[in-house]
Every structure is written in C-alpha cells, then in structure tokens.
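In the order they appear, the protein sequences are chains A and B.
Under my numbering, residues 1 to 114 are what the first sequence spells out, in order.
Under my numbering, residues 1001 to 1113 are what the second sequence spells out, in order.
It is worth saying that the hints were derived from the structure and are not from the lab.
For clarity, every value in this text was computed on a predicted model and none was experimentally measured.
Please note: incorrect hints may appear among the correct ones.
What the hints assert, rightly or not - Listed below are the simulated SDA-like cross-link pairs for lysine to any residue, each with C-alpha atoms no more than 25 Å apart in a straight line:
hint, chain 1, residue 1, chain 2, residue 2
1, B, 1041, A, 103
2, B, 1041, A, 20
3, A, 71, B, 1099
4, B, 1041, A, 18
5, A, 71, A, 11
6, A, 22, B, 1038
7, A, 57, A, 16
8, B, 1040, B, 1095
9, A, 58, A, 72
10, A, 68, B, 1113
11, B, 1019, B, 1064
12, B, 1019, B, 1099
13, B, 1022, A, 46
14, B, 1040, A, 39
15, B, 1036, A, 48
16, A, 42, B, 1095
17, B, 1041, A, 112
18, A, 37, B, 1086
19, B, 1041, B, 1113
20, B, 1071, A, 96
21, A, 42, B, 1062
22, B, 1067, B, 1028
23, A, 71, A, 52
These are the residues of each chain, in order.
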Amino acid sequence: GENVEQHPSTLSVQEGDSAVIKCTYSDSASNYFPWYKQELGKRPQLIIDIRSNVGEKKDQRIAVTLNKTAKHFSLHITETQPEDSAVYFCAASTLVSNTGKLIFGQGTTLQVKP
Amino acid sequence: DTAVSQTPKYLVTQMGNDKSIKCEQNLGHDTMYWYKQDSKKFLKIMFSYNNKELIINETVPNRFSPKSPDKAHLNLHINSLELGDSAVYFCASSPTRADSPLHFGNGTRLTVT
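Work out the full structure: start from the sequences and follow the hints.
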C-alpha cells in the first residue's frame, strides 16, 4: 500500500529564516498532495495543496514543489514567524473505490525562535 | 457554521467499557473518515464511508465499529476499551474525489485508565 515518508521529524529555525520539509511517497498513482498544519491541541488544517499536473504552487510565504518522477514533494516556508510553530503533515492521496484515501507522513514539529 | 463537529471533546473511561463518538458534517460531502492520532502525533486512517457505504477498513480491531446512518453522520463505537486505545480520534469529511482535501473535526481525546 501507499507509504509516505516525511523528514525531518523536528526543525528549529530562527525567525525570518526559511524552513523546508520533504516527503516521499511510494504509489506512483498518487495524484494529490496536501499539506496540513496542526497547532497544539487543535485539528489539522489545510494550508496548501498541489495536484499531479502541476510542479510548483505558491501562496504568499508558502510554496510546494512536486517531482512526480522522483516521487518527492516539499513544503517551503519563507520569512518564518513564531506563529508558524506547529506540527506540519504532508499527505498523498490514492484512489480507493472512486474515493480518495489520504495517507499522512509522520509529521514535522517546526519551532520558530523569536 | 459549516463544519465537521464531533462529540464529546474529551472522554475518560476505564478499561473494558464501551464508548461511542459521534460525528456530523454539514458541508454536503459524500465521504467521511475516522483517523486515529497517537501520542507520537501519527495520523492513521481507520475507516471511510461514502454515501453510507464502507469503503476503507484498515487493519483495525473489530472492537471498533463505525456506523453511518446517513451521509452526514459517521459514528464510532468502541467495545471493551484497552489502554492502547488512548489517542485523539479525528472525524473528517471530503467530497468524493481523489484530489479533495479533508476537513477535520476538532477531535475527541480518549483516555483509557
């Protein structure tokens, strides 16, 4: 079945620096790759997503890149701020009986130091 | 408010008891899910239903039984609770497409003592 590996498990950066989180997936049929942010005690919330027909997508300080050949995708956060501190999850979607099945990476705890 | 809502928010119970968690969504989505988040934050899919039909049933003990009375509701009943069942359980919903995001509920923190 689909497997998603996420690295690093923890990441500490200074405010204003960039942060990069990387994921790999195993199922070449996966076609949808969302990223979720989970603050302490809260639910995971979608921050950005990318579909397989696109190589890069940007939304203000957040960007995602996708390399379908290598089965890699990455999250880039620029000009980090303390409020970016959270756990970030990548995910890959496969099709099961015409519905999506999202498999999540292990999560990255990002700490932004003021 | 359009949302995925689940109750209760906290559930503390003893080993061997039976408990239920309820979930409702008013987003008009056809597919609903249960995910388990363990102490290491790993989010693992347990079940998914599409229009009341069970689609995904991962390797979950049969003490866990989901029930979907209609496409807006997906409840989770757990029999004979064990210590290892302690976790946060998230309900989620999405449209019936493989390239759609999940909308999560606020989670139910289950503690088994």
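A quick look at each hint next to the structure:
Of the supplied pair hints, the one linking residue 1041 of chain B and residue 103 of chain A holds, its CA atoms being roughly 14 Å apart against a limit of 25 Å. With a C-alpha separation of about 19 Å, the suggested pair residue 1041 of chain B and residue 20 of chain A falls inside the 25 Å cut-off, and the hint holds. Distance restraint check for residue 71 of chain A and residue 1099 of chain B: the Cα-Cα separation of roughly 17 Å lies within the 25 Å cut-off, and the hinted pair is therefore satisfied. Using a Cα cut-off of 25 Å, the hinted pair residue 1041 of chain B and residue 18 of chain A holds, with the two alpha carbons roughly 24 Å apart.
Annotation: proposed proximity of residue 71 of chain A to residue 11 of chain A holds, straight-line Cα distance about 22 Å (limit 25 Å). With a C-alpha separation of about 22 Å, the suggested pairing of residue 22 of chain A with residue 1038 of chain B holds against the 25 Å cut-off. Annotation: proposed proximity of residue 57 of chain A to residue 16 of chain A holds, straight-line Cα distance about 21 Å (limit 25 Å). For the hint pairing residue 1040 of chain B with residue 1095 of chain B, the CA-to-CA distance comes to about 29 Å; that exceeds 25 Å, so the pair is violated.
Proximity of residue 58 of chain A to residue 72 of chain A is assessed by CA-CA distance (about 17 Å); at most 25 Å being required, the pair is judged to hold. Distance restraint check for residue 68 of chain A and residue 1113 of chain B: the Cα-Cα separation of roughly 45 Å exceeds the 25 Å cut-off, and the hinted pair is therefore not satisfied. Restraint check for residue 1019 of chain B and residue 1064 of chain B: satisfied, since their Cα atoms lie roughly 10 Å apart, inside the 25 Å limit. Between residue 1019 of chain B and residue 1099 of chain B the alpha-carbon distance is near 33 Å, which puts this suggested pair outside the 25 Å criterion.
Restraint check for residue 1022 of chain B and residue 46 of chain A: satisfied, since their Cα atoms lie roughly 23 Å apart, inside the 25 Å limit. At roughly 14 Å between alpha-carbon atoms, residue 1040 of chain B and residue 39 of chain A fall within 25 Å of each other, so this suggested pair holds. The straight-line distance between the Cα atoms of residue 1036 of chain B and residue 48 of chain A is roughly 22 Å, inside the 25 Å bound, and the hint therefore holds. Of the pairs offered as hints, the one joining residue 42 of chain A and residue 1095 of chain B holds, with about 22 Å between alpha carbons and a cut-off of 25 Å not exceeded.
Simply put, residue 1041 of chain B and residue 112 of chain A have alpha-carbon atoms about 19 Å apart, close enough for the 25 Å limit, and the pair holds. A distance of roughly 22 Å separates the Cα atoms of residue 37 of chain A and residue 1086 of chain B; the hinted pair therefore holds under the 25 Å criterion. Restraint check for residue 1041 of chain B and residue 1113 of chain B: the C-alpha separation of about 20 Å stays at or below 25 Å, so the hint holds. Distance restraint check for residue 1071 of chain B and residue 96 of chain A: the Cα-Cα separation of roughly 18 Å lies within the 25 Å cut-off, and the hinted pair is therefore satisfied.
Of the supplied pair hints, the one linking residue 42 of chain A and residue 1062 of chain B is violated, its CA atoms being roughly 28 Å apart against a limit of 25 Å. At most 25 Å may separate the alpha-carbon atoms for a hinted pair to count; residue 1067 of chain B and residue 1028 of chain B meet this at roughly 18 Å. Pair hint residue 71 of chain A plus residue 52 of chain A holds up; C-alpha atoms about 10 Å apart against a cutoff of 25 Å.
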